[in-house]
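Go ahead and model the full structure; you've got the sequences and the hints to work with.
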Amino acid sequence: MADANIAKPPSLPARQSGVRTVLSYTGIPPSWLDKRPKLPSRNWLIFLSVTSSVVGLYVYDRQECKKIRQAYVDKVKHLAEVTADPFDFPRTVTVYGAKWPADEEYLQGIKYFRKYVKPILVAAAVDFEMISGKRHGDIAARVAEDTRLRRRLDLGLDVDPEARKMLPTYRSAAARVKHALGGGVVVIGRPTFKEYMAGVCAGWTAGLEPVDADEALSRVLEHDTHFDEPPDLADMAHADADAPADLPRQAPLSPQTSPVFSPLQMPSKPASSRPRTSTAPSVPSGPPSVIPPLPPLLLVPFTNYIGITQIPLMIWGFFNQRHKVRSGAEAGYCLVMGNTRPVNVPEDTVDFVASAEMSERAPLVDLGDLDFDKEAEDFYKSSMEKFPEDTDKIRQKYYEALPKKLAIARELARGTREPTKEEYENPPPTEVELRAERLKKERRWRDDVHGWDIIKPSAAVQWDERLRGSLTVFVDPEQDQSDEPSSAPIIP
Amino acid sequence: MSFLRGGAPPSSGVNVDKIDMAITELDTVTDFFNKMVSSCYSKCISTRFAEPDLNKGESVCIDRCVGKYNEVQKKVGEKLQSRGAANAAAGAAGGFSPL
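Chains as they are written, first to last, in the UniProt record's numbering: chain A, 1 to 492; chain B, 1 to 99.
These aren't lab readings, by the way, just hints derived from the structure by calculation.
Mixed in with the good hints, there may be bad ones.
Unchecked claim - Partial chain A-side listing against chain B, Cβ under 10 Å, derived:
hint : residue
1    : Trp32
2    : Lys75
3    : Lys77
4    : Leu79
5    : Ala80
6    : Thr83
7    : Pro90
8    : Pro119
9    : Val122
10   : Ala124
11   : Val126
12   : Asp127
The beta-carbon is built from N, C-alpha and C at its ideal position, and this holds for glycine as well.
Take a look at the structure:
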């Protein structure tokens, strides 16, 4: 042992290089100096390669996103650097984002806009107003209502209040319309497009009078039997009462006869009758034969992936956001530059629209702009096809539970029994409340199903031939150079 | 002559509570305004002063900023008020009110 120890030291220095010798005197541990580089173990290799490729993909993608966005921002920046007159109105666009079918998060469309289109608009100093639809059909209803108000203003049926005219920033209705025409409408995704078109068609076709949807519905529901007194229960409750005294009570509580229902009905009636009398004399209430020019449309393709089956697509999208950034920025750029072309819809569309109602997926014909983002409909959740049936089931369940609540409410109202201690603390809903709740629920169910009927894949995009001359679409200015230039003088 | 008679009661005793409330309110509004101006200024106006007037981008930004600030203020105010009311109710019942 001792021999070996003594024999080795002289042999070692001979093998050491000069560098090694020098370094060994610097205080670096000798074990570090003897390290030979080698590959890490198999597991480490797997871990490192997976991690680094994931991180690399992510970083590369986000860098590209920044570059693309910056390129478009630089293209439009000059528009924001002009000096502004304090009383000037900047160009304002309206952004519509409808609820995506089967997604609880109704703001998805607006979020997409904010993330991918907005930076370009901000850079170009274009103001925007975002309107989101909480439920299906909200956008359609809103657009129709706005259109109706505009028509009234155009016809001079409504006038701006005097107080508003006093403001220094007041502009006449015509100036406002002109300003809106210079702006535009941003439509995010296929559902929004369908709702918007439905709203425009309805708004330019329907009457000019305000329609109180609650009142209309209550008139429809007036004659149903859900709030009628069940005969056997009433008999049991008033078995000891005299027959003549019992009769009026057994009559069904319809809104006309019931004193309970009148407070609900009262406020809505005068409100709806007042404008009718004041404006009735000079209303040409029929739909106009020509629709004046409408703000140009910017169609932003957008697909919202939801559900377990689409998770691979979500992952792919997470690492490929640059495509969305490019598409959104391009759309924003088209809007900012303001080059438009008339909407491109084939002449005989009406037949196809009609036939599309009958047979699903029948028209394989190109519908031009009406086919905007059609492939997004393949990504709707299949469970949405049963949406009307599901709503019916919920409605049925509600009506099955209703008589019990109604009986309790009536018993307590008539004092046939004392309320229990629990009912003292949390009083059950009265009949008036139940009626109001029913009206609200019924309204929501009907609106939802109606909204779904607008956007469901088997329903065609609504189209009105009168829109042909008045609707325009934003196009990419670079592509537009080759076609005949039809740019509108939009930038003020 | 009515203004003489109408003016007489306040001169006898100035309502200190109301004056205090008005002062507090004025302070709140001034504070709100100053905060809004400073935050919107720092958000929207670039530090490079090239010209005396606002440019388009800045004016749109300020417009949106002020609108947003007011909206948030309104929402927070509503929330605080409803919470204050709830707390007052709880406080009347003998509870502890943190607000």
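Going down the list of hints, with the structure as the test:
no., hint, result
1, Trp32, "51 Å, violated"
2, Lys75, "14 Å, violated"
3, Lys77, "8 Å, holds"
4, Leu79, "7 Å, holds"
5, Ala80, "3 Å, holds"
6, Thr83, "5 Å, holds"
7, Pro90, "5 Å, holds"
8, Pro119, "12 Å, violated"
9, Val122, "7 Å, holds"
10, Ala124, "8 Å, holds"
11, Val126, "7 Å, holds"
12, Asp127, "5 Å, holds"
Violated hints, listed in ascending order, are 1, 2, 8; each of the other numbered hints is respected by the structure.
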